[in-house]
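**Student:** Take a look at the letters that make up each chain.
2 protein chains.
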Amino acid sequence: MNVVIIGAGNLATNLSFALRNAGFNIVQVYSRTYQSAELLANKLSASFTNNIKEIEPHADLYIASLSDDSLLDIIQQVNFSPSLLVHTSGSLPMDLLKKYAKDYGVIYPLQTFTKNKISDFKTIPICIEANNKDTEKKLIEISNKISTQIHLFNSDQRSKIHLAAVFACNFTNHMYTIAEEILQKENVSLDILKPLLKETLSNALISSPLKAQTGPAMRNDIKIMTKHKEMLTYNPLFEKIYSFVSESIYKNKLGK
Amino acid sequence: MNVVIIGAGNLATNLSFALRNAGFNIVQVYSRTYQSAELLANKLSASFTNNIKEIEPHADLYIASLSDDSLLDIIQQVNFSPSLLVHTSGSLPMDLLKKYAKDYGVIYPLQTFTKNKISDFKTIPICIEANNKDTEKKLIEISNKISTQIHLFNSDQRSKIHLAAVFACNFTNHMYTIAEEILQKENVSLDILKPLLKETLSNALISSPLKAQTGPAMRNDIKIMTKHKEMLTYNPLFEKIYSFVSESIYKNKLGK
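Residue numbers (the numbering used here), protein chains in the order written: chain A, 2 to 257; chain B, 2 to 257.
Don't read these hints as lab results, they were simulated from the structure.
One thing to keep in mind: the hints can contain errors.
Said to hold, decoys possible - DSBU-like, lysine-lysine: derived pairs with alpha carbons at most 35 Å apart:
(1) B/Lys146 to B/Lys123
(2) B/Lys195 to A/Lys186
(3) B/Lys252 to A/Lys230
(4) B/Lys254 to A/Lys123
(5) A/Lys228 to A/Lys186
(6) A/Lys212 to B/Lys116
(7) A/Lys54 to A/Lys139
(8) B/Lys195 to A/Lys254
(9) B/Lys54 to A/Lys252
(10) A/Lys254 to B/Lys116
(11) B/Lys54 to B/Lys134
(12) A/Lys199 to B/Lys134
(13) A/Lys230 to B/Lys44
(14) B/Lys118 to B/Lys138
Chain A extracted, bound-state conformation (with noise of 0.2 Å):
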């Protein structure tokens, strides 16, 4: 199967090693910029270009893995109609592709991926969607390919995962940033919680997040709740997220 990957981000560069590697032979590679287009493609051993007008028309699949921003600007100057075109976001509806093919869907990998780090996709969840059954099942025969974990979502629940991902992963990333700045001004490394970050996931995925809950917003602890916001005033988004966090554990344990 022949497939001409539109972009050459984070997401592209794993998709198209997970393909390449699942025995996929992977023609052409599209990036904006010349280097990025070209650094992915001499990996993949693909040609490369980064004029739209330019991209091979007899490929059996096209993926475009852009910006939520840019994939429409991108795929309205395609000057052919692509067999079969898919895009890898969360948040954007696959009707979006409905003008620029007669067969199109979406392949959406629910991982954070840098270029740096090439993923194993084989435990990977990937949420497949199509405009029709053959299409459909097109789609999971490829992503059977490279992961045992595929899943059938609409573009509404696609959206809602993409959220819950936005809480799961970015944010949760952003407590870590915090309690390593926190850290930082005491000169003490984040390595220190290593072994708390871990039995913090570790429990939640044993028993769940809500039964895991602990602390002091838990235990509606005021007195230390109210330090803690005090030695937080240096930084008032720090402050009211501290606030609102705590609340919102508060409020969930009485089940409101």
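Please build the complex by placing chain B on the supplied structure of chain A, with the hints as guidance.
**Tutor:** For chain B alone, kept in the frame of chain A given last:
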């Protein structure tokens, strides 16, 4: 070394098991709740009481592992001067114990504990503070028998570390809870986020959370963030948390 444990909560339970397994003799457990004292004492082959006046006066070490609110209430009822008295709180200052013992200090294990799962202390960082060098030496010797990660911090530093731990553990867990709630509305299990949660922690620990930050807020992708906030209108607190954490992520990126 004979030890009396004052308290029978999550931390008291885990710490007393670690000490017992390291060869310490837990002679007595006190808890206001008779059943809690009995339950823990039986597991440790120790005596127990729910009457603070009945605490064994000749032990070598007294560990007060109580909620911050009740610590002083209980300690001031002890009708003798303990040979060596420590508390286990991250946020309470050491000097709270000054009036109640000649030698005193703090043993603060930086971990989240539950009674249902006895933790291996070996890699748990233990933060120590003591009122004099001899006591400090003693607390280091004791802690060295249960963990390889001993740190000396004063009360002010310890309270900052505790605040960092609230973000890294309690608040992170609440991000997981919100994610689970969003998924539950779609009848999707939190399991689908497991690989993402693991990777998020792994990336933050390998580089740093600041460098590992991704997501719509990091890209300042206003379109998605507006859509996400609309999806959260059913819970104004979640919406506020979304707004302030996103704002804080972007400000941090800009170094403000």
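**Student:** Assess, step by step, whether the Cα of B/Lys54 is no farther than 35 Å from the Cα of B/Lys134, and give holds or violated.
**Tutor:** holds (30 Å)
**Student:** Taking 35 Å as the top limit, are the C-alpha atoms of B/Lys195 and A/Lys186 close enough?
**Tutor:** holds (32 Å)
**Student:** Check the hint pairing B/Lys118 with B/Lys138 against an upper bound of 35 Å on the C-alpha distance.
**Tutor:** holds (30 Å)
**Student:** With the threshold set at 35 Å, check whether the alpha-carbon distance from A/Lys199 to B/Lys134 stays at or below it.
**Tutor:** OK: A/Lys199 and B/Lys134 at ~33 Å, within 35 Å.
**Student:** Is the Cα-Cα distance between B/Lys195 and A/Lys254 35 Å or less?
**Tutor:** holds (23 Å)
**Student:** Within 35 Å, alpha carbon to alpha carbon, are A/Lys212 and B/Lys116?
**Tutor:** holds (13 Å)
**Student:** Do the alpha carbons of A/Lys254 and B/Lys116 lie within 35 Å of each other, as the hint requires?
**Tutor:** Status holds; Cα separation ~19 Å.
**Student:** Does B/Lys252 pair with A/Lys230 here, judged by a C-alpha cut-off of 35 Å?
**Tutor:** holds (19 Å)
**Student:** Is A/Lys230 within 35 Å of B/Lys44, Cα to Cα?
**Tutor:** Violated. A/Lys230 to B/Lys44 sits at ~39 Å, over the 35 Å cutoff.
**Student:** Holds or violated: are the alpha carbons of B/Lys54 and A/Lys252 at most 35 Å from each other?
**Tutor:** Status violated; Cα separation ~38 Å.
**Student:** What's the verdict on A/Lys228 and A/Lys186, does the C-alpha distance respect the 35 Å limit or exceed it?
**Tutor:** holds (17 Å)
**Student:** Hint check: B/Lys146 vs B/Lys123, CA-CA at most 35 Å. Holds or violated?
**Tutor:** Holds, at about 9 Å.
The structure fails hints 9 and 13 (numbered hints given earlier, in ascending order).
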